[in-house]
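Model the placement of chain B on the given structure of chain A, informed by the hints.
In order, the protein sequence lines correspond to chains A and B.
Under our numbering, the first residue of the first sequence is numbered 24, with each subsequent residue one higher.
Under our numbering, the first residue of the second sequence is numbered 24, with each subsequent residue one higher.
No wet-lab data here; the hints were simulated from the structure.
Since the model is a prediction, treat every value here as computed from it, not as a measurement.
One or more of the hints may lead you astray.
If chains are identical, the list can't say which one is meant, so a pair holds when it fits in one copy or spans any two.
Straight line, CA to CA, 27 Å or less: simulated BS3-like cross-link-like pairs of lysine-lysine [as the list claims (entries may be wrong)]:
| hint | residue 1 | residue 2 |
| --- | --- | --- |
| 1 | Lys389 | Lys402 |
| 2 | Lys397 | Lys303 |
| 3 | Lys128 | Lys521 |
| 4 | Lys128 | Lys85 |
There are 2 protein chains.
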Amino acid sequence: MLRSHTCGELRIEDVNKKVTLSGWVQRIRDKGSLIWIDLRDRYGITQLLLEEGRSAQELIDKARTLGREFVISARGTVIERVSKNHKMPTGDIEIDLTGIEVLNKSKIPPFTIEDNTDGGEELRMKYRYLDLRRNPLRTNLALRHRLSLETRKYLDSQDFFEIETPYLIKSTPEGARDFVVPSRMNRGQFYALPQSPQTFKQLLMVAGYDRYYQLVKCFRDEDLRADRQPEFTQIDCEMAFVEQEDVLDTFEGLIRYLFREIKGVNIEKLPRMTYAEAMKTYGSDKPDIRFGMKFVELNDVAKGKGFNVFDDAELVVGINTESCGNYSRKQLDKLTDFVKKPQIGAKGLVYVKYNEDGTFKSSVNKFFSQEDLKVWAEKFGANPGDLMLILSGETDAVRRQLNELRLEMGNRLELRNPEVFKPLWVVDFPLLEWDAESGRYHAMHHPFTSPKPEHEHLLETEPGSVSANAYDIVINGVEIGGGSIRIHNRELQKQMFKLLGFSDEEAQAQFGFLMNAFEYGAPPHGGIALGFDRLVALFAGQDSIRDFIAFPKNNSGRDVMIDSPSPISQEQLDELGLRIVEGES
Amino acid sequence: MLRSHTCGELRIEDVNKKVTLSGWVQRIRDKGSLIWIDLRDRYGITQLLLEEGRSAQELIDKARTLGREFVISARGTVIERVSKNHKMPTGDIEIDLTGIEVLNKSKIPPFTIEDNTDGGEELRMKYRYLDLRRNPLRTNLALRHRLSLETRKYLDSQDFFEIETPYLIKSTPEGARDFVVPSRMNRGQFYALPQSPQTFKQLLMVAGYDRYYQLVKCFRDEDLRADRQPEFTQIDCEMAFVEQEDVLDTFEGLIRYLFREIKGVNIEKLPRMTYAEAMKTYGSDKPDIRFGMKFVELNDVAKGKGFNVFDDAELVVGINTESCGNYSRKQLDKLTDFVKKPQIGAKGLVYVKYNEDGTFKSSVNKFFSQEDLKVWAEKFGANPGDLMLILSGETDAVRRQLNELRLEMGNRLELRNPEVFKPLWVVDFPLLEWDAESGRYHAMHHPFTSPKPEHEHLLETEPGSVSANAYDIVINGVEIGGGSIRIHNRELQKQMFKLLGFSDEEAQAQFGFLMNAFEYGAPPHGGIALGFDRLVALFAGQDSIRDFIAFPKNNSGRDVMIDSPSPISQEQLDELGLRIVEGES
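Looking at chain A on its own, in the form it has when it is part of the complex:
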């Protein structure tokens, strides 16, 4: 037996017990006559004690050969500590050692195994198994485990079946790039790894499974931006005989359950906001509603006063920042620099300070009187001491820019507390978006999303103005997931593919199985997919998903620990009937 207890479980009640613990040497303090060893495992840390005179000399000599991260099994008696450590659960006791067995030695780790390590990103990725020993990562993966299990329990309680869909499926040209898998038994042919189980879950609805879910890996061969992974995990769900509100109710139930069970936080019923309102009020389809600073449009009061910048703009729009009326020239210049950064791209920033004495000071005093600015302040609902920040330009662009400025101000004013959670539904997304590059419509969600029934007649004439039964769940400015009510009618699905530029033959070749299935009694259905990696990160109040994945890939899609991808043998290539084309890579 390698242990009788873990390193996290002994308490004052256990005094006098003979125990065996196993774990890693976290730290050794050798004070000459006294030696303390901190022994660590997943469950905690327990202090081991050796004392000159009391402990066998041979044991003391052995302890002095130990190094950090050695794996040992230690026998001894639980005793009460003289100076207790109330910060650790085992801090009342220590182990009076009677035996040490070295189970494995350790070289000196390339970085320290502490909460704050001295190892750089790349080194920690290469030695991921050592990085994973650190508390923060262990806590993250424990949270991930808890979240996945509670998700399953909730969905099970709601009569969902978890059903596994295949990983070796078929490549489709729509959407992001597929990873493909050459078939040896069917030479020259390929499987593809799923970007999502979309069509399979719809077929499960056709098959009558009524409520399906799966925590499932999905794959996208994209050029990786920061914090994207080529493989990622979804909570993938689908329900039959539902309308949009049924889906929203069910999954806000999940979100509220998870917050309650895991964070002890009660979340109120989620507000619904239309896409149009989100864009108009927050300049984003994933608004962070933990704080106000809603957009106020000023066209009616800001135009026609001779200020060309506003007069020529499609939209003049601003936010009011409370209690920032005392911003210095330097602070205001910094905000102007912020909005003028190339990745934001505003031409300038107009400010209006509402002074404590009721007067206004602005960067456009020349064009606007105190009375004009008073009217603005009323529109903003501003009070003395506030600062109004205004941008202008083409509608989509200026909304995007003001969204960035709003979030920046939220950060500066510390209004984005990671321990506060404000989820909402954004609904009524457009069905299609025009892609100037390809000169055709793309599906905003995906080609299986249904138009709102009352908009169906516009599909031929005004496709761009058709709204969809599509919805996103957004928490703290992060899109956690999205879904839609699906098309379940063959003719409508055909029409949709046509709008998206598929020929009938292409649609049949790629998705014939689904359209055929729609002819055999497909029920109305809809669903959602939640990004699980991001959900876990959000629960921990963090932004990066990488620290919530046990073995992530780097930004080149490479696992630097196992050194993959890597060349395969000529024999493997021959079996697959493939040749690598030399040339630019």
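Just chain B now, kept in the frame of chain A:
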């Protein structure tokens, strides 16, 4: 709202309620003045009623346009049935219809959606979404859901974390063929899909996670035999600071928990049988111990009597079949034909009938006296009325043959009841097996399995006689899973790779990350992987795993429903830097 209740939930207490149900038309019985419609969903079947005179004529006309598998939403009032059907949970009531909405039509399905369908295998695979509507498949997938959730609950209760390991990993030449995934971003390089998460779970132990599990898809590009799938699901587990008995205890705990929770069956503590004993007593490392017929070796009493067949044989061994002493000549000939089938390959079968009068009748009367046969009968523990069946030949071959005969007799005598469950552990597997073809040793389990410590000194001199800390769990003659205590020492792992024919460079290139990890404090660890598809099938008392997978592939690794694998575009190939080599396929 598309439904107020499901088709499985209304009872006599619900009489007079106004309800809306949605589902599929299972059956319509039109008796002229009365029309009954059976409406089906995942939860059950509810009977809908229309009556000439009472129901609106327009509704009756509409009902007559419905066909099998139409999807409808039906409104009405719950009423008590005149003639109740006690076989169905909703059999006390029916719905007096007031409205029908056709949600979707259906073409006539290519096969009947009944428990016993008229559709052939291939047709049902092509229309899998219709096959999945049938009760037997729905029950199978419901069982699979239940088993996966209960497995997770149990392992969570035992402090296991579910941790996802990557799907895009690295190709290794050991074992079966990998499926590979070309990397676009790293041209000419490939990922591989995991045959199992073996090395990652070991790294999680090195990382201190202590107890890991995962229900995970694994992939093997093998020439498919019946009932093998290129992708399959494992319950994959690993534990640190354990010895073999700790692993066995934990996972027989899981098995007993699952049988109790899901089948209401109490399983006793699992017997342990050594590999050597299993081979000697059952001729198989996965013995079906639901019935006796243990092997009895006869070398000492059957040789040297002038019967050349026995005298020249390495092993004479038989089984006693109770109460088969009355087998006819024809029945015995059939058994002889059975063992002489090419896939079994015995040269012949010797029988000895123990007559009710205490005499013996055998096929070798010429060589053996009644006294000789009496001695045999004593060794077999046979009684009057029994039949002894004896084979002879080279040890391994004859054991394999007699195993087949024993299982055949078990089937004939109906001793293999699928509702009786007899699990056991087979332990002490050999570490290595000699492969005559490649002229080298192969790992019997895998290259990470540790030799028994007391056999380590034989690795250099007698590798073939080294036993491993490896174990299989076998239920009813089916290997459900297996595992081992792993090597956690770099030098021993290196020695193991060398024995398996790896050069130091190859070992370092393929598994360097693992051997490096062993130098930074790897704890003793071991684990197991259970075949989840097979476990579910076993719980349902069935042999074929295909009916327990929502979307399986056929024996050519093809998904005939979505028609995959399939060609990909030249553009995709170009991006990957690959060319397909024409030639024999």
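Going through the hints against the structure:
Taking the closest pair of Cα atoms, lysine 389 and lysine 402 come within 27 Å of each other only inside a single copy of the chain (21 Å); across copies the shortest separation is 116 Å, beyond that limit. Taking the shortest Cα distances, lysine 397 and lysine 303 sit within 27 Å of each other inside one copy (23 Å), while across copies they are farther apart (98 Å). Taking identical chains as interchangeable, the C-alpha atoms of lysine 128 and lysine 521 lie at most 27 Å apart only when they sit on different chains, with a minimum of 23 Å there against 65 Å within one chain. Taking the closest pair of Cα atoms, lysine 128 and lysine 85 come within 27 Å of each other only inside a single copy of the chain (13 Å); across copies the shortest separation is 80 Å, beyond that limit.
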